[in-house]
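Quick note on this note's numbering: the sequence shown kicks off at 1013 and runs consecutively.
Fair warning: there could be bad hints in the mix.
[To be verified] Straight line, CA to CA, 27 Å or less: simulated DSS-like cross-link-like pairs of lysine-lysine:
1. K1373 x K1401
2. K1373 x K1088
3. K1298 x K1371
4. K1241 x K1251
5. K1088 x K1032
[As the list claims (entries may be wrong)] Quick list of simulated restraints, FRET-style, between CB atoms:
6. P1149 x D1305: 15 to 23 Å
7. H1162 x K1050: 50 to 58 Å
8. L1153 x L1216: 22 to 30 Å
9. K1371 x F1031: 44 to 52 Å
10. P1149 x F1031: 52 to 60 Å
11. W1390 x M1013: 21 to 29 Å
12. W1390 x T1313: 17 to 25 Å
13. S1415 x L1315: 20 to 28 Å
14. M1055 x L1315: 31 to 39 Å
15. E1393 x W1348: 22 to 30 Å
If you're looking for bench data, these hints aren't it; they were derived computationally from the structure.
Beta carbons: idealized from backbone N, C-alpha and C, even for Gly.
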Amino acid sequence: MATRPGPLTEWPWQCMGSFKYLVLAPAALHTAHRVVTKGWGDMSLAYAAILPALLLRMIHNQIWISLSRHQTARRKHIIVDRGLEFDQVDRESSWDDQIIFNGLFFYLAYAAVPNVSRMPVWITEGAIITALLHIGPVEFLYYWFHRALHHHFLYSRYHSHHHASIVTEPITSVIHPFAEHVVYFLLFSIPMMTPIFMGCGSVLAVVLYITYIDFMNNMGHCNFELVPKHIFHVFPALKYLMYTPSFHSLHHTQFRTNYSLFMPFYDYIYNTMDSSTDELYERTLKGTEETPDLVHLTHMTNLRSTYHLRVGIASIASRPSESPVWYMWMIWPVAWLSMVLAWVYGSSAFVIESLTLKKFKMQTWAIPRYNFHYGLIWQRESINSLIEKAILDADGRGVRVLSLGLLNQAWQNNSMEVVNYLHKSIQN
């Protein structure tokens, strides 16, 4: 919430809580009715693409959330080395509101604009117009609107809500008051709707443009540097056309620099580029290997525990492990896939959590095996090898204290090499 919330701060469906998706129910029912009565052949491609596009956006965002949390737990390329506050996690749990809002707009546009229903799959001319309109009017208007939001009147009533997150996550990018989202969507509608009104709009151009916005938003707020340096050597002009996570992170820590949306050239033009931008980019890209003081070596429990990891799904992790979740049956394949990948490619323990208490650094590592693996005789040698490798890795990195999770302590799972190594370490 902003420090002094202004009008239109809350989303219209905020009072509905978890039932907010019902605002899309009429459109979904209308789609189902058309399919049943007239078949798929009568349905416009643009109309049929709306719901899948919304679902793909949610999956896209969740992938970025998981990737970011995994990388920030590793801490090698982390930009702002601070932990997340619980208030921020709660505040950013409504990141899907903007997807619902966009879905309503798309359905209304289909009903109100005749050209939308006639859009083909692809028209190159329209895609070029979309790109040029983004580079020109959208980036320019956003830059000045963003600077206006940092005026104390608008900042205290609206934009301070976004800047309450100093340590950004990918979804921080869409955590704004409702009024801000209305303005942003009007801006982003310029490249989408102009080609449609001109008769050269296409379904794929709209989907790709929205994907581009989501990708750049998520990347810019992920709090770890991932843009390779050589890309700017090969394409020098790209530094004016694409920002980096460290570039935008400075905006969240310094507040009055690096205002650009995705293309930093307006910060160069109007002299609002932070002087430490290049230095921070190179330092975080190079990265540093952090040595924790304490490591707790645990393991996965059941398949559902995948969602309760730091890289998992926050809405599920916020509930007790065995509590019923109505959509769990739809995402079971994700749990099975993660198990198979961990089994096949899990050759070492991985970091799932990093914490700092004053100057004491702690990490939780996980053996890529589940509870039931520990009961399989033919898996014992593999598990022993993973435990031994993790212990040796921790010792080699200078970890002062290592604790083992329950099943990792079990004598029947530990090879004599591991036991002897632990005994030797204790003696030393």
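Consistency of the hints with the structure:
1. K1373 x K1401: The given pair, whose Cα atoms are some 21 Å apart, holds under the 27 Å limit.
2. K1373 x K1088: Since the Cα atoms of K1373 and K1088 sit roughly 14 Å apart, the hinted pair holds (cutoff 27 Å).
3. K1298 x K1371: Answer holds: K1298 to K1371 is near 23 Å, not above 27 Å.
4. K1241 x K1251: With Cα atoms ~10 Å apart, K1241 and K1251 stay inside 27 Å; holds.
5. K1088 x K1032: Distance ~38 Å between K1088 and K1032 Cα, so the pair is violated.
6. P1149 x D1305: 15 to 23 Å: Roughly 52 Å apart at Cβ, these two residues miss the hinted range, so it is violated.
7. H1162 x K1050: 50 to 58 Å: holds, 51 Å
8. L1153 x L1216: 22 to 30 Å: Given a distance of about 25 Å, which is inside 22 to 30 Å, the answer is holds.
9. K1371 x F1031: 44 to 52 Å: Given range 44 to 52 Å: holds, Cβ gap about 45 Å.
10. P1149 x F1031: 52 to 60 Å: violated, 38 Å
11. W1390 x M1013: 21 to 29 Å: violated, 55 Å
12. W1390 x T1313: 17 to 25 Å: holds, 20 Å
13. S1415 x L1315: 20 to 28 Å: holds, 25 Å
14. M1055 x L1315: 31 to 39 Å: This hint holds: roughly 37 Å between Cβ atoms.
15. E1393 x W1348: 22 to 30 Å: holds, 24 Å
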